[in-house]
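A.B. asks: Per our numbering, numbering of the sequence shown is gapless, rising by one per residue and ending at 291.
These aren't lab readings, by the way, just hints derived from the structure by calculation.
Any given hint might turn out to be false.
Quick list of the computed label-pair ranges, beta carbon to beta carbon [said to hold, decoys possible]:
hint	residue 1	residue 2	range
1	Ile176	Tyr259	16 to 24 Å
2	Phe147	Leu175	20 to 28 Å
3	Lys160	Ile139	18 to 26 Å
4	Ile141	Leu175	19 to 27 Å
5	Glu132	Asn188	21 to 29 Å
6	Lys206	Glu127	17 to 25 Å
7	Phe263	Tyr149	44 to 52 Å
8	Leu274	Phe147	18 to 26 Å
9	Pro219	Phe152	34 to 42 Å
10	Leu290	Asn154	46 to 54 Å
11	Leu129	Asn154	43 to 51 Å
Glycine included, C-beta positions come from ideal geometry on N, C-alpha and C.
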Amino acid sequence: MFELLIGEGWGQRIIIISAVVLFLYLSFTNPSIAQKSAVQGLRTFAGLFTLILAALFIASAIENLVSPQTIATLLGESAGVKSIPLASLIGGLIPSGPYASYPIIHTLQEEGASLAAVVSMLIGYGAIGTGRIAYGLVFFEPEIIGLRILLAIPMSIIAGLIVYLLT
């Protein structure tokens with residue numbers, strides 16, 4: 125129960141403690157801002173809750189539907205360099221934010237994906253980000269978005285290759 129309240133690691137604890145200290149400060153110095161912030165935070169949480177829950181269900185389904193042998197064959201050490209483009213593609217195709225994609229990538233790692241494949245998925249997710257294409261097109265010309273994707277694909281593969289060669 126204690127870990128649920130303050131987090132499992134120091135990174136989580138720092139964020140939680142910072143949030144509590146900031147909210148207490150606001151509560152005493154500007155209660156209306158504290159209340160407004162709390163309401164906005166709860167609304168954001170409510171909006172993200174179902175997405176986070178769905179991502180955790182997907183991660184659990186991957187764990188139960190795809191055998192560790194299959195993951196190891198496609199993304200594990202035995203797959204070698206061939207796993208890196210596939211891992212980059214998987215990472216690039218995962219929609220949504222890190223609260224949804226990280227549990228999925230973590231499950232693949234736990235089920236046998238190599239370090240190089242995991243890094244390729246993380247870089248692919250961050251750089252390729254197919255879920256951000258439509259949003260990007262609102263602000264930028266198609267040429268800019270196309271260049272971003274064209275550069276992101278080899279970038280995630282190169283990152284995976286570097287990790288593969290170093291490990």
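A.B. asks: Hint by hint, which ones does the structure fall short of?
C.D. replies: 6, 7, 8 and 11
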